[in-house]
Amino acid sequence: TPANVKFNIFSRINQGGLPLTAQEIRNAIYPGEWRKRVRQLAEGQTFLKATEMKIKGERMEDIELVLRFVAHYTFSGNRPDEQNLDQFLNDTVERRSISWTEETWKDIETAFSRALQAARKVFGRFAFRKYYGPNQSRRPINRGLFETESVLLARRSDDELDLLAAKSDEVLLQLAGLFHNNA
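Once you know that position 167 of the sequence shown is 434 in our numbering, the rest is easy, because the numbers rise by one and skip nothing.
Hints are all accurate, no fakes.
Simulated crosslink set (DMTMM-like; lysine to aspartate or glutamate; CA at most 20 Å straight-line):
| no. | residue 1 | residue 2 |
| --- | --- | --- |
| 1 | K397 | E319 |
| 2 | K373 | E310 |
| 3 | K303 | E361 |
| 4 | K273 | E291 |
| 5 | K303 | E369 |
| 6 | K388 | E437 |
| 7 | K303 | D374 |
| 8 | K388 | D425 |
| 9 | K321 | E291 |
| 10 | K303 | D358 |
| 11 | K321 | E310 |
| 12 | K316 | E328 |
Label-pair ranges, simulated between beta-carbon atoms:
| no. | residue 1 | residue 2 | range |
| --- | --- | --- | --- |
| 13 | L445 | F355 | 21 to 31 Å |
| 14 | T371 | T313 | 13 to 23 Å |
| 15 | D426 | A270 | 39 to 49 Å |
| 16 | L445 | T268 | 37 to 47 Å |
I should point out that these hints are in silico values taken from the structure, not numbers from a laboratory.
Using N, Cα and C, we set each Cβ at its ideal position, and we do this for glycine too.
Please take these sequences and the hints and turn them into a complete structure.
Right under this line is the structure:
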């Protein structure tokens with residue numbers, strides 16, 4: 268049975284008791300090196316420090332967040348409109364990750380670490396959070412912002428990251444403006 272069919276069936280019968288999350292199902296169905304690698308990143312000090320240990324691991328929220336980075340960072344092209352996030356993540360662990368070499372994983376790990384360290388320098392304590400201005404209380408970590416900020420920072424050069432960090436206040440003001448305009 269194809270893995271995506273198993274995932275769908277598993278999701279449908281997963282209605283009684285405490286339903287499993289999509290990541291818990293993904294972890295059960297798709298074997299491979301990706302599980303070990305993504306878990307190592309989620310349990311690493313860089314991730315824990317960047318997220319201030321606010322992402323809990325009980326239901327694999329941390330694993331899914333790291334996997335979202337890995338999937339978007341390694342994907343080149345446009346995701347098909349009809350493919351939802353779960354399908355995209357499933358495709359990453361089922362098809363794309365099986366051909367990744369040790370070198371590919373090292374590149375992912377390096378990019379992930381660089382991005383999370385840069386996020387703290389650029390966004391400070393508001394990294395991965397919606398930001399509306401300095402007088403507003405800090406919001407919880409936003410998954411979409413985590414993947415967006417981390418992937419975009421991972422793809423920047425060291426010079427670009429240094430410039431963004433040097434202009435951190437301006438970056439935050441621009442971000443606040445964008446959130447106010449789209450609220």
